[in-house]
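Given chain A, work out where chain B should sit, using these hints.
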Amino acid sequence: MKPKHIQHLYRRVGFGLLPDQLQTLLKKSKAHIVDGLVEASKTVTPLRVDTSEIEAVFSGNMMVTKKLSPESRRKIRKLSREKQMEFNLAWMERLTDSTEILREKMTLFWANHFVCKDNSITYIQQFNNTLRTHALGNFKAFVNAISKEAAMVKYLNTKQNRKQNPNENFARELMELFTLGEGHYTETDIKESAKAFTGYSHNLRGEFVFRKRQHDESDKTFFGKAGNFSGEDIVDIILKQKQCATFICGKIYRYFVNENVDENHVNAMANVFYRNYNIETLMRYMLMSDWFYDKKNIGVKIKSPIEFLVGLKSTVPITFKNPKQWLYMQKLLGQILLNPPNVAGWKGGKQWIDSNTIVLRLKLPSLLLNSAYISKVKTGKADAKIDFKKAVFNKKYGKRFKADANWSYFNSHFKNVKMSELETHLLACKINDNTKAYLRTLDKPSKQEYSIQLMSLPEYQMC
Amino acid sequence: MDRRKFLKQSSLASSLFLVPSFVRAFEEVASSKLGYKRLVIIQLSGGNDGLNTVIPFRNDLYYKNRPTLGISKSNTIKINDDVGLHPSLKPLKQLYDKGYLSIINNVGYPNPVRSHFRSMDIWQTATDSNKYSQSGWIGRYLDHYGTHPHSAIEVDEKLSLAMKGETLNALATQDAKSLYNLSRDPYFKNLAKHQNDTHLSEHNLGYLYKSMIAAQSSAQYIFETSKTVSTKKEYPNNKFGKQMKTTAQFINSHLQTKVFYTALDGFDTHVNQLNTQKRLLGIYAKSVEAFVDDLRAHNTFKDTLILTFSEFGRRVSQNASIGTDHGTANNIFVIGENLKRQGIYNNVASLNDLDDNGDLKFEIDFRTIYATVLDKWLEVDDKKVLNKSFKQLDFI
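Chains as they are written, first to last, in our numbering: chain A, 1 to 463; chain B, 1001 to 1396.
Keep in mind that the hints were calculated from the coordinates and are not lab data. Please note: incorrect hints may appear among the correct ones.
[What the hints assert, rightly or not] Straight-line Cα separation of at most 20 Å, EDC-like style, residue types lysine to aspartate or glutamate; simulated pairs:
#, chain 1, residue 1, chain 2, residue 2
1, B, Lys-1189, A, Asp-443
2, A, Lys-331, B, Asp-1097
3, A, Lys-191, B, Glu-1289
4, B, Lys-1098, B, Glu-1289
The following block holds chain A by itself, in its conformation from the complex (with noise of 0.2 Å):
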């Protein structure tokens, strides 16, 4: 496999690939390389945030009474949004370092498809983690679990859908968001299927539970069936309509392949996806296409704000003094972990990108990395006042940021890549032609130096 196939996997898989990293995998053939991260990846493991002060006080509550004293409620309230950060900053922790890349890759990408938040962490973490069981397992499965964790059954409204009085939200998210998408579906179908999600509920402490008295038990008209459906039974027949399949697989390929899609890749997709929904299969068929290595699809997708971040930090480790302050940078970037703007989630592509977001990703790896310093000396010239340069800037933004960045670590990894080679390993698209020409003008003092220059680039952006 060639080097920039392997970087190209990697970057759509997970964040980058570091050069020595790279070294070992060279003499790899694809099936090797592509059976390595999906075997790397048959394990599960949870991601959690020690939440035992919350289980006691609602323990301590229910054994006196169902409901929370407002006391109580607050405390809770107070210390959920304490963890939800803590969970943030866990996930992105994840994110940089785990050995499960692609489960990881396809948590963050499910976290975007079943979106949801919720002010409660055991709903929002309990929630997280079904998304990492079965991101790479059976999408039947999957979606039925999802129609019964708590985080949901709250945020769709499924809670308040009752025989009495259907509440459609959750039945037209379904179909419209999470299998089919818009238009695949009537009016009728919304309100007959809203039927048989009715009794949908869940306790305190965030398990299911059927409520049955709740249920409507007379039959519903769906897809043109008609029986005493519940609501796995409108899983089903959902899940055999064709579309459900190039729905979701239309939807992978936008986001680890092309915005383009190429419709012939897409149904080839659906063909094996639509056999029994099973998502590894998917994803080792589509890593293991020819056209998932297409020129055309290398380095022509804008990176996310996390994956910006995440691309940022793996390459060289940065620690904020307050870590909160990546909160803040996903913030100001435009996508704040477990805090996605609406159902929908983000779109995506140029809307991550506005002239708040471009001004400020071209800044951040001066200001994270170097002390917001550029390095901008035509050649020729000696630089030698860099240090003093930079403790300059440092003095005029340090205050906004103050965090440490490890280049010993980047050192260490990009030991054996010679100055002209750097441009391969950071960036995963060919440098605009007038922006070489300018930056050969200037000089590069040092491999650390040029990295600054060429992460400080539109080209950057890309992966």
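The following block gives chain B in isolation, referenced to the frame of chain A:
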């Protein structure tokens, strides 16, 4: 050349040119000298319940459908014998009394889609409900008539689809100063200087370069122009209040911006709607009140038109959670000093003639409102922007 420039130039060059447009052309030249007309769009995201906003308090069907959700007659701010406003909209009633408000009812589009995102897209792109577009209506306005990205500004963190054109995007900023500070690095200035147009048309990468260059030049202009004006006016201390305050600052510093866009989120009220809507409409009305006062104090209100919309109204009947599910037609607020039709533009919806889903039937296509605003207020060719001809209304 666009129609406006064409007319202006032709009318200046030769007064015998194109007789039918002749009078109109002179009007345009005159109006552009008199002032600089701006449009401010406010989006109520999530689908505001229009029936509890403009309330048919005399209609029994209203209370029958909403036994615990209906706003009682005594709480309604009456504006005529049949219709009243939500109690949170008191500031709006004051605008109404001064003749600054026009309420257009039953606004929607054929074959309504009850999905937030799809319906929002439809409102923002102004396309038919079965068609998709990557550009928004203000974006296409920019494509044809904009000169800079800051010809239209979204005072928010992100840019809405409405503001994205095929060739030109509007600019999103909440804070002109920090945007300027970030963009002024000489390294980026040099990068920008070295680009030429051929590479900027390349797909995603070209888009990034274009965005970078546009951000640099506009950030400087906006910051330097707007820092000269500050306001003493009190705005509600929340995100939307701040957005309206920034918008006023931009307008009052006479930024060369034709369209401003802001949004207030949270109107998706499936559950316990009463409190949520009360709070949100309160934020909306108080902010708009402060905004109008601020503009009037700076003599810029006369050149400003404010348009408020939501992607759909909600179902007529309340649901079991004392909320409402997604519906269809809704009301629109037009606020300005020079309205031709003040007050209630048309009657509120009929509650005994609903569609199969139990939703209101629309009477006015929202695009006829866009067409009117484009033609009569922004004075451009509405057909070019909307890709279709719509009949126009006479509220301005």
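Results for each hint:
1. Lys-1189/B <-> Asp-443/A: Holds, at roughly 17 Å.
2. Lys-331/A <-> Asp-1097/B: With a Cα-Cα distance of about 42 Å, the restraint between Lys-331/A and Asp-1097/B is violated, given a limit of 20 Å.
3. Lys-191/A <-> Glu-1289/B: With a Cα-Cα distance of about 41 Å, the restraint between Lys-191/A and Glu-1289/B is violated, given a limit of 20 Å.
4. Lys-1098/B <-> Glu-1289/B: holds (12 Å)
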